[in-house]
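Use the sequences and the hints to build the structure in full.
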Amino acid sequence: MDQVEIFKALSNKTRLQILLWLKDPQLNFPEQAEKGFDAGVCVGQIQAKAGLTQSTVSEYLATLQRAGLVKATRVGQWTYYQRNEENFALLSQLIQSKI
Numbered sequence: 001m002d003q004v005e006i007f008k009a010l011s012n013k014t015r016l017q018i019l020l021w022l023k024d025p026q027l028n029f030p031e032q033a034e035k036g037f038d039a040g041v042c043v044g045q046i047q048a049k050a051g052l053t054q055s056t057v058s059e060y061l062a063t064l065q066r067a068g069l070v071k072a073t074r075v076g077q078w079t080y081y082q083r084n085e086e087n088f089a090l091l092s093q094l095i096q097s098k099i
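In terms of UniProt numbering, the sequence shown is residues 1 to 99.
Any given hint could turn out to be false.
To be verified - Derived CB-CB ranges, DEER-like:
hint : residue 1 : residue 2 : range
1    : Asp2      : Gly51     : 28 to 34 Å
2    : Ser97     : Gly44     : 34 to 40 Å
3    : Thr73     : Ala48     : 16 to 22 Å
4    : Arg66     : Lys13     : 17 to 23 Å
5    : Ala48     : Gln96     : 19 to 25 Å
If you're looking for bench data, these hints aren't it; they were derived computationally from the structure. Only a predicted model underlies this, so the values are computations on that prediction, with no experimental measurement involved. Every residue gets a Cβ at the ideal spot worked out from N, C-alpha and C, and that includes glycine.
Given below as structure tokens:
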């Protein structure tokens with residue numbers, strides 16, 4: 001868990017918003033409810049909600065993934081993302097103990 005990478009990833013308003021959306025995917029991505037959320041949220045759903053280009057959203061998600069804040073699952077041609085709650089728990093412990 002690279003603290004610098006985590007805080008860099010959290011320093012962008014849109015990346016923070018994506019993390020908030022992924023915290024409650026059923027509420028924030030109702031269009032995907034039929035397919036379920038076992039693998040996470042489809043990158044296309046995130047891109048549509050963010051209103052940004054696919055390449056920008058993909059770069060933001062890659063940054064979050066490198067920081068360990070999201071996990072990606074490939075299903076066919078689509079990539080699904082979900083928060084890495086274990087690393088959020090570690091981050092919370094880190095903040096409480098060091099900052």
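Evaluation of the provided hints:
Asp2 and Gly51 have their C-beta atoms about 30 Å apart, which keeps the hinted 28 to 34 Å range intact. Between Ser97 and Gly44, the C-beta spacing of about 39 Å keeps the proposed range 34 to 40 Å intact. The hinted window of 16 to 22 Å between Thr73 and Ala48 holds, with their beta carbons roughly 19 Å apart. Taking the beta carbon of each, Arg66 and Lys13 are about 19 Å apart, inside 17 to 23 Å as hinted.
Checked against the given bound of 19 to 25 Å, the beta carbons of Ala48 and Gln96, roughly 36 Å apart, lie outside it.
When held up to the earlier numbered hints, the structure conflicts with hint 5 and nothing else.
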